[in-house]
Amino acid sequence: MSENRGDVLLSVRNLVKNFELRGSKGFRKTKRIVQAVADVSFDVKVGQTIGLVGESGSGKTTVGRSILQLIQPTSGEVFFEGQDLTKLSFEELREIRRKMQIVFQDPFASLDPKMTVGSSIAEPLVVQGVEGDHETRVAELLELVGLASDHARRFPHEFSGGQRQRIGIARALALDPKLIVLDEPVSALDVSIQAGVVNLFADLQKRLGMSYIFIAHDLSVVRHIADQVAVMYLGKIVELGDKNSVYSHPTHPYTKALLSAVPLPDPKVERSRHRIMLEGDVPSPVNPPTGCRFRTRCWKASDICATQEPQLTVRATGQQSACHFPE
Amino acid sequence: MSDSVLQIRDLRVTFNTQMGELRAVRGVDVDVAPGKILGVVGESGSGKSVSFLAAMGLLPKSASISGSVMLDGQELIGAKKKFVRSVRGRLLSMVFQDPLSALNPVHRVGDQIVEMIQSHQDMSTHDAQKRAVQLLEIVGIPQPDERALQYPHEFSGGMRQRVVIAMAIANDPKVLIADEPTTALDVTVQAQILEVIQTVQQRFGTAVVLITHDLGVIARVADSVNVMYAGRNVESGSVQSMFDHPSHPYTRGLLSSLPHEGVERLQPIAGFPPNMLAPPPGCGFAPRCAFATDACSAELPALRQFDDLLTSCIRAEDLRIRSNS
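Top line first, the protein sequences correspond to chains A and B. Read in order, the letters of the first sequence correspond to residues 1 to 327 in this note's numbering. Read in order, the letters of the second sequence correspond to residues 1 to 325 in this note's numbering.
Since the hints were made in silico from the structure, they are not lab data. Some hints here could point you the wrong way.
[As the list claims (entries may be wrong)] Lysine to aspartate or glutamate pairs mimicking EDC-like chemistry, simulated, CA-CA at most 20 Å apart:
#1 99/A with 43/A
#2 268/A with 244/B
#3 256/A with 261/B
#4 36/B with 266/A
#5 25/A with 154/B
#6 174/B with 195/B
#7 243/A with 261/B
#8 206/A with 264/B
#9 99/A with 81/A
#10 268/A with 308/B
Turn these sequences into a full structure, and let the hints guide you.
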């Protein structure tokens, strides 16, 4: 399969993930279902970045992990280079996993403190049985992420948060992946350090041509790095499209409210702009509202929103949104 | 400024650790004007939280503290423990990042507010209960009389933080210190909590110290700002000036490392913050600063006035000319 920037690398179709909540009422066991991801579909193109944004409980992390089959989706398909990952055997998955990697949020928890940085980075090579000189490859990877090759002999505790995140990235790059899921990769870092890691992601993509799924709650970072954006709310995509359309002309009320809630580092803008204040918190996903899930906090909601679930529909500015009363 | 309700002078905090003396705060001045919001911004390890924990007398014994903290004309450093305890929660109160750890899980939230009131004021339980419900209403909790009878686990994260704010303002404090009050919350909830803090400030004239790492939060609500780095104030003054023409290279670096609309490439600050067990001599930022000269490492730069900013950088004049041209 020849690949060009712009071809579809990954297609997610009708992805659903339910979690069971086991509890008890007196002596009786109870079982409740949490629908963490409720019918999510999107594409990721070769060499591009899609940003998944949303608040806690929106299901963005679960989407990332379901794609990699780190958790098994309840239903739906995930096509990677045309192959449905949900139908593969364990062995087949292991083979294809070398093309898909993940970088986690917490650089302190994702590295084994007892392993040298070099052996952590080489681990995927060992697991996948890659032949050749691992030491040279590790040195190459360390330099690729802006560290020195002699750092391979050191241990994680000798590094700062930003450096550890770079080590995690080097490990994700070890097998030349085509797709990397970045799960809140800069949220734990201070802003001055964060900027360097964001630049690194951009540079690596330009050089190596892989695709990213960038999961974050920080909308300004996503605006900077993504090509496409999917805004999630309570397990559903409410708005999906080109970054510029979504940020400049949000059509879903939730996207609008979310964008207006983000504090911008400019006092003149902050003090003059109109802010949409949403009431309350995100409802519990155990018991999501009927119809449109956002309606309980939406200022535009009317009867139809409670009875009929809005579907993603293409709008004039190019993106899709799921709302009966789009902007 | 003598009209400050909270005035801190040359505050120093040193922790005695197994690895040596960790100098977390190295001479910080703070002035909080009555009824205004002071934003304190800095990265992790800059000493922003430790400074105010020290001011409230909440640090462990391993910390040695010197300097002066004047609250409404009364000195808190070196004062009797009993006195500091009577001030804390009455004149000076604090809101932390994690609301769940600030609440007792086995008591109703109303009772916790009543306890807060009665430990500082001579008020009947009946009146205190009425006051508690009123406080819950002020911080925007719907059906406050029913919610007062519930336990913390029955509240969402944002509602819990409102309860904590209600407790903090229960005794009408002069100063409310909020340490990263919205960091654990979602953005739409953050917006609500910032609004509650502003309501309290405007309605009761409470001065607020808002500690945060988010420059956007500062831009939204603060009147003045202190930028901290390596245990010192590197720049302080009006919020508008800080954003319009920052004079300290660290403040500038911080602003340009943020993603802005239309910026192709971010500009990170090189290197990382110093080890406070062995802070660099002279300016703490010098090792990461693109404008540093030998003189920067020779001695601590003094705070100097530029328009309405106090800046601690010996090269501030050169930088200001550069940014204007």
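Query raised in the report: Does the structure keep residue 25/A and residue 154/B at a Cα separation of 20 Å or less?
Result: holds (17 Å)
Requested in this report: Decide if the proposed pair is consistent with the structure: residue 243/A and residue 261/B, CA atoms, cutoff 20 Å inclusive.
Outcome: holds (12 Å)
Query raised in the report: Are the Cα atoms of residue 206/A and residue 264/B separated by 20 Å or less?
Result: With a Cα-Cα distance of about 13 Å, the restraint between residue 206/A and residue 264/B holds, given a limit of 20 Å.
Query raised in the report: Under the criterion that the straight-line Cα-Cα distance not exceed 20 Å, is the pair residue 36/B, residue 266/A satisfied?
Result: holds (19 Å)
Query - Proposed proximity, residue 43/A with residue 99/A (alpha carbon, max 20 Å) - result: holds (17 Å)
Report task. Starting from residue 268/A, check that the Cα of residue 244/B is at most 20 Å away, please. Result -> holds (10 Å)
Query raised in the report: If you draw a straight line from the CA of residue 256/A to the CA of residue 261/B, is it 20 Å or shorter?
Result: Satisfied, since the Cα-Cα distance of roughly 17 Å is no more than 20 Å.
Query raised in the report: Can the restraint linking residue 174/B and residue 195/B be considered satisfied, given a maximum Cα separation of 20 Å?
Result: Roughly 19 Å separates the two Cα atoms, so the pair holds.
Query raised in the report: Is it true that the CA of residue 268/A sits at most 20 Å from the CA of residue 308/B?
Result: Between residue 268/A and residue 308/B the Cα gap is close to 17 Å, so the pair holds against 20 Å.
Query - Hinted pair residue 99/A and residue 81/A, Cα distance within 20 Å - result: holds (10 Å)
The structure meets every hint from the earlier list without exception.
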